[in-house]
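Enquirer: Residue numbers (our numbering), protein chains in the order written: chain A, 16 to 272; chain B, 2 to 67.
I should point out that these hints are in silico values taken from the structure, not numbers from a laboratory. Just to be clear, a hint being listed does not mean it is correct.
As the list claims (entries may be wrong) - Using C-beta positions, here's what the derived DEER-type ranges look like:
1) B/Gly8 x A/Pro252: 50 to 56 Å
2) A/Ala108 x B/Glu30: 42 to 48 Å
3) B/Thr20 x A/Arg34: 33 to 39 Å
4) A/Ala188 x B/Ser48: 51 to 57 Å
5) A/Val151 x B/Thr45: 38 to 44 Å
6) A/Ser61 x B/Gly55: 19 to 25 Å
7) A/Pro191 x B/Leu44: 29 to 35 Å
8) B/Thr45 x A/Ala63: 24 to 30 Å
9) B/Ser49 x A/Arg75: 45 to 51 Å
10) B/Asn7 x A/Ile73: 41 to 47 Å
No residue lacks a Cβ here, since even glycine has one placed at the ideal position from N, Cα and C.
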Amino acid sequence: MSTFYGVELDSRLMLGTARFPSPAVLQSAVAASKASVVTVSLRRESAAERSGQGFWSIVRQLGVRVLPNTAGCRTVKEAVTTAHMAREIFATAWIKLEVIGEEDTLAPDVFGLVEAARILSNEGFEVFPYTTEDLVVADKLLASGCRVLMPWGAPIGSGRGLNNVFGLRALRAHFPEVPLVVDAGIGLPSHAAQAMELGFDAVLINTAVSQADDPTQMAAAFAMAVAAGRLAYLSGPMEPRDMARPSTPVVGTAFRS
Amino acid sequence: MRIIVNGAARDVSALADLTTALAELGFGEAVVATALNGEFVPLTARSSTTLAAGDQLEVLAPMQGG
Chain A
16 MSTFYGVELD
26 SRLMLGTARF
36 PSPAVLQSAV
46 AASKASVVTV
56 SLRRESAAER
66 SGQGFWSIVR
76 QLGVRVLPNT
86 AGCRTVKEAV
96 TTAHMAREIF
106 ATAWIKLEVI
116 GEEDTLAPDV
126 FGLVEAARIL
136 SNEGFEVFPY
146 TTEDLVVADK
156 LLASGCRVLM
166 PWGAPIGSGR
176 GLNNVFGLRA
186 LRAHFPEVPL
196 VVDAGIGLPS
206 HAAQAMELGF
216 DAVLINTAVS
226 QADDPTQMAA
236 AFAMAVAAGR
246 LAYLSGPMEP
256 RDMARPSTPV
266 VGTAFRS
Chain B
2 MRIIVNGAAR
12 DVSALADLTT
22 ALAELGFGEA
32 VVATALNGEF
42 VPLTARSSTT
52 LAAGDQLEVL
62 APMQGG
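Assemble the whole structure, with the sequences as input and the hints as a guide.
Expert: Printed below as a string of structure tokens:
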């Protein structure tokens, strides 16, 4: 059981809803992932196509909590305005706050992020900031009112896994009581398991599932990896060593004088 | 009068309020959120928000996201 802003969730896997081949595959992948949170976004609606209306109908049928994002926002004002619009449509104070600062890596503009987080927290939003593993930024986000942090593993959609394991370990150690979710860059179940083994509270997956040849099967694989990683963390992993140590007892070895 | 809706020029009745304009634009009962000239306009304020020629209106709806 993980808790975010007082809400207990059964699953430690959050799933994005983007880039699935069809609504039916999205629905089956969400079920297979056992996710209790899915991320959603807002985009310009066409009066003729009304695609957003159909999507929203599908999401409501999933029976999971939604975490709206401010994806694509590049300024504090864009992010804050989008958050207001999201709160009205999705009827939740939760907002995954993204303020993008750089196009090639989609790295967060952490200065804008902190400012937007402060504004939104003061307005009653429960902010999930998409951030880096930087400890100072994390400190400032918490001081701005955030009670959850979402550090990236690697650039969004890159599937590179955990680029800076040291930084993520330091973040976990420095903020032992803060719910931490590894957000972007996870490409394989083993990456998710690694994040969970490090003690992160949850992971957010999207492209790794939606762009798999079989998204539903991959969602199931991620669910198992997240559960395994969490169980391993709770089990107290051994410390790595530089040199070998025989696992079979040496005492009584034959042919030794 | 002409306003900009989601980046494209559209015509709505002169002095229309936002609720009326949305209906004219075909959004009717659609689940959308609105921003006028970069400022969020809540559902409760649409009827009391009057549009002017050249206004920039954003009409957003739920969409897939990561």
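Enquirer: Checked against the structure, which of the hints given earlier come out wrong?
Expert: 2, 7, 9, 10
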